[in-house]
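Enquirer: Okay, here's what each chain looks like letter by letter:
Number of protein chains: 2
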Amino acid sequence: MPVGTQGTVKAVPQAVLEDLGAQIILGNTYHLYLRPGHDLIARVGGLHQFISWPRAMLTDSGGFQVFSLSKLRKLTEEGVRFRSHLDGSSHLFSPEHSIDVQVALGADIGMAFDECTEYPATEERAAESLKYTMLWAARSRKHFRENQHKVPWHGNILEPDGTPASQSLFGIVQGGMYPHLRRESAERLVEMNFDGYAIGGLSVGEPREFTRQIIAEVLPLLPADKPRYVMGVGFPDEIVEYAKMGVDMMDCVIPTRAARHGLLFTSEGRMNIKNRQFAEDSNPPDPNCTCPTCGRYSRAYLRHLMQTGEPLGGTLNSIHNLAFYLTTMANLRAELDSIS
Amino acid sequence: MPVGTQGTVKAVPQAVLEDLGAQIILGNTYHLYLRPGHDLIARVGGLHQFISWPRAMLTDSGGFQVFSLSKLRKLTEEGVRFRSHLDGSSHLFSPEHSIDVQVALGADIGMAFDECTEYPATEERAAESLKYTMLWAARSRKHFRENQHKVPWHGNILEPDGTPASQSLFGIVQGGMYPHLRRESAERLVEMNFDGYAIGGLSVGEPREFTRQIIAEVLPLLPADKPRYVMGVGFPDEIVEYAKMGVDMMDCVIPTRAARHGLLFTSEGRMNIKNRQFAEDSNPPDPNCTCPTCGRYSRAYLRHLMQTGEPLGGTLNSIHNLAFYLTTMANLRAELDSIS
Numbered sequence: 010m011p012v013g014t015q016g017t018v019k020a021v022p023q024a025v026l027e028d029l030g031a032q033i034i035l036g037n038t039y040h041l042y043l044r045p046g047h048d049l050i051a052r053v054g055g056l057h058q059f060i061s062w063p064r065a066m067l068t069d070s071g072g073f074q075v076f077s078l079s080k081l082r083k084l085t086e087e088g089v090r091f092r093s094h095l096d097g098s099s100h101l102f103s104p105e106h107s108i109d110v111q112v113a114l115g116a117d118i119g120m121a122f123d124e125c126t127e128y129p130a131t132e133e134r135a136a137e138s139l140k141y142t143m144l145w146a147a148r149s150r151k152h153f154r155e156n157q158h159k160v161p162w163h164g165n166i167l168e169p170d171g172t173p174a175s176q177s178l179f180g181i182v183q184g185g186m187y188p189h190l191r192r193e194s195a196e197r198l199v200e201m202n203f204d205g206y207a208i209g210g211l212s213v214g215e216p217r218e219f220t221r222q223i224i225a226e227v228l229p230l231l232p233a234d235k236p237r238y239v240m241g242v243g244f245p246d247e248i249v250e251y252a253k254m255g256v257d258m259m260d261c262v263i264p265t266r267a268a269r270h271g272l273l274f275t276s277e278g279r280m281n282i283k284n285r286q287f288a289e290d291s292n293p294p295d296p297n298c299t300c301p302t303c304g305r306y307s308r309a310y311l312r313h314l315m316q317t318g319e320p321l322g323g324t325l326n327s328i329h330n331l332a333f334y335l336t337t338m339a340n341l342r343a344e345l346d347s348i349s
Numbered sequence: 010m011p012v013g014t015q016g017t018v019k020a021v022p023q024a025v026l027e028d029l030g031a032q033i034i035l036g037n038t039y040h041l042y043l044r045p046g047h048d049l050i051a052r053v054g055g056l057h058q059f060i061s062w063p064r065a066m067l068t069d070s071g072g073f074q075v076f077s078l079s080k081l082r083k084l085t086e087e088g089v090r091f092r093s094h095l096d097g098s099s100h101l102f103s104p105e106h107s108i109d110v111q112v113a114l115g116a117d118i119g120m121a122f123d124e125c126t127e128y129p130a131t132e133e134r135a136a137e138s139l140k141y142t143m144l145w146a147a148r149s150r151k152h153f154r155e156n157q158h159k160v161p162w163h164g165n166i167l168e169p170d171g172t173p174a175s176q177s178l179f180g181i182v183q184g185g186m187y188p189h190l191r192r193e194s195a196e197r198l199v200e201m202n203f204d205g206y207a208i209g210g211l212s213v214g215e216p217r218e219f220t221r222q223i224i225a226e227v228l229p230l231l232p233a234d235k236p237r238y239v240m241g242v243g244f245p246d247e248i249v250e251y252a253k254m255g256v257d258m259m260d261c262v263i264p265t266r267a268a269r270h271g272l273l274f275t276s277e278g279r280m281n282i283k284n285r286q287f288a289e290d291s292n293p294p295d296p297n298c299t300c301p302t303c304g305r306y307s308r309a310y311l312r313h314l315m316q317t318g319e320p321l322g323g324t325l326n327s328i329h330n331l332a333f334y335l336t337t338m339a340n341l342r343a344e345l346d347s348i349s
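If you read the protein sequences in the order shown, they are chains A and B. So for the first sequence, this note's numbering puts the first residue at 10; every next one is plus one. So for the second sequence, this note's numbering puts the first residue at 10; every next one is plus one.
Rather than coming from a laboratory, the hints here were simulated on the basis of the structure. Wrong hints could be hidden among the right ones.
Intra- or inter-copy, both count: the list cannot distinguish identical chains.
What the hints assert, rightly or not - In silico SDA-like pairs for lysine to any residue, Cα to Cα no more than 20 Å straight-line: (1) 159 <-> 12; (2) 80 <-> 235; (3) 19 <-> 301; (4) 80 <-> 347; (5) 283 <-> 95; (6) 283 <-> 250; (7) 19 <-> 270; (8) 19 <-> 165; (9) 159 <-> 85; (10) 83 <-> 288.
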């Protein structure tokens, strides 16, 4: 899932995302809550309508950005009081408020409000953090069930059986790098019966071997007939590995953020397009890629755009990296389909 | 002509420019000389190849940017010594060097090296400045005729009659706001027999009435069977007015620069899309426009993109403004064709 933090996958027009085959994109609840505000988005019909994205969308709970971006956080059982990274204004995110915001945004999938446990964390700290995440998961689910009919498009979209379509809500497994905490978290979430399950608190600086172990530990505990989502991963080889392990969904800013810094993922490996060696290289970035960037532009031109700070550089690089990620996953889906 | 200063019409992919109907774009000799360098561009086949733009291109002489951007300029009859605005390095632009650079870039149309007389300027100063421009026009033309076969694509592109295609060179009329200097400049340039003629030194801060007077004064002196180009204009109503006076070509950064600052040109007038009044406005920017931006996005979304500094804002706004300019001109051409 390409990440569209503020209601835009940075520097890439929606029509291009559609052409690249993106089926679902993310929006960040924290950012959209601050600007332009969830009430405004609800009044104009919800996030799909606001950003003109008719395909699927997922909003995170806001928890991760509250912890990573905001200032002066104060955590209580009620929720997190924090100051905006934009203007210092004071806000409270609780499970109930996160759900209210996500219902107003109206993405197809919302996430339970959680605390993303930092790495490294002692077992005591991870257990304490998990305690909040589990309490908040139950409150998120309850508040969601009571308020999901308030989604801006309620009644406008019907399921095949004629009932009104509604949002889905996923629970998030936490527990740091402690397998027994992760197991406890997964089992209790499954008892709560969410529409899907995410594994959070990974890709927070831990060695990749830990990431793999936690995924391997948790996945079998989550129902295979519901989506299983690992949050915030990863590099191309990682997402292939996790998909093969049984992960259904992943999101990451890497393809677009790396692109804006000139790092391209190609069938021949990683390429820093700013390197001097590409100054007169007339080859496409990736000779095996059929994306609009590789079909038209040379490495020399992309390097020039980066050297001169031209905005088209970020756009063309992002288009290629997203194409590489989406093609990698499309190929893998075909491969897994042919096996099963 | 949309302006592609550094080999890119800022924030707009080439395929979009083609879809919008752009027939010709500009490149700036001063910028491309400094980065990535004209020799590099020649080695990769010329500017068309380098930026992947198969349609027409025009390069300016570099003179305007030398005067407006560079530091510590020293003007002599030979040319202008200046320091780069990027790194302070010392360079000399003479008519011969400007032509060498423009031949290496290989745009379809190059411009004689001129001095863009500032506004206001005394008659004495304008006459002195014009003296250089006229000397340099003759030297530009001579050097161009002797070196035009060095264009990177020489021999690769043939005219319908089988002879090798070559670049065109336009002369530039200067003379400040003094009609008799302008007439002298135009008459002497026509004697030199250029492939087309530009009126430079306008849009430099003078009242619009002066711009109109100078164009009216000079146009009849320029052959109607060759392109007549007014440099650096203008707002939509200006370019319509000048085209009706007989001007064939114009270039301006206004549509793209204004777009990046949130100023849209629409069939209903100018619109600062950042204004609070558009925060929840679900209408397209211009209800009478069929461009990709107006066809998909709301004013509220474009405002949000500007408020959050998202790069997609500059791209979508630029696409609309270019569409507005290009459609305005296309409609005017059809109107003028139907009259004549």
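Enquirer: When no copy is specified for residue 283 and residue 95, does a C-alpha distance of 20 Å or less occur within a copy, between copies, both, or neither?
Expert: This pair counts as between: shortest inter-copy Cα distance 18 Å, intra-copy 31 Å.
Enquirer: I want to check one pair: residue 159 and residue 85. Are their C-alpha atoms no more than 20 Å apart within a copy, between two copies, both, or neither?
Expert: So residue 159 and residue 85 fail the 20 Å test inside a copy (27 Å) and across (74 Å) alike.
Enquirer: Between copies, within a copy, both or neither: which fits residue 283 and residue 250 at Cα up to 20 Å?
Expert: neither (29 Å within a copy, 44 Å between copies)
Enquirer: With identical chains treated as interchangeable, where does the CA-CA distance between residue 19 and residue 165 reach 20 Å or less: within a copy, between copies, both, or neither?
Expert: Answer is neither; intra-copy 29 Å and inter-copy 40 Å both fail.
Enquirer: From the Cα coordinates, with 20 Å as the cut-off, is the pair residue 19 and residue 270 best called within, between, both, or neither?
Expert: This pair counts as both: shortest intra-copy Cα distance 13 Å, inter-copy 18 Å.
Enquirer: Classify it for me, residue 80 with residue 347: is the Cα-Cα distance of at most 20 Å met within a copy, between copies, both or neither?
Expert: Classified as neither: same-chain Cα gap 49 Å, cross-chain 65 Å, threshold 20 Å.
Enquirer: One pair to classify: residue 83 and residue 288, alpha carbons no more than 20 Å apart. Within, between, both, or neither?
Expert: Classified as neither: same-chain Cα gap 50 Å, cross-chain 32 Å, threshold 20 Å.
Enquirer: First find the shortest C-alpha distance between residue 159 and residue 12 inside one copy, then the shortest across copies, and answer within, between, both or neither for a cut-off of 20 Å.
Expert: neither (25 Å within a copy, 48 Å between copies)
Enquirer: Could you figure out if residue 19 and residue 301 sit no more than 20 Å apart (CA to CA) within one copy, between two copies, both or neither?
Expert: This pair counts as both: shortest intra-copy Cα distance 17 Å, inter-copy 18 Å.
Enquirer: Is the C-alpha distance from residue 80 to residue 235 at most 20 Å within one copy, between copies, in both cases, or in neither?
Expert: neither (36 Å within a copy, 64 Å between copies)
Hint check: violations occur at hints 1, 2, 4, 6, 8, 9, 10; the rest are consistent with the structure.
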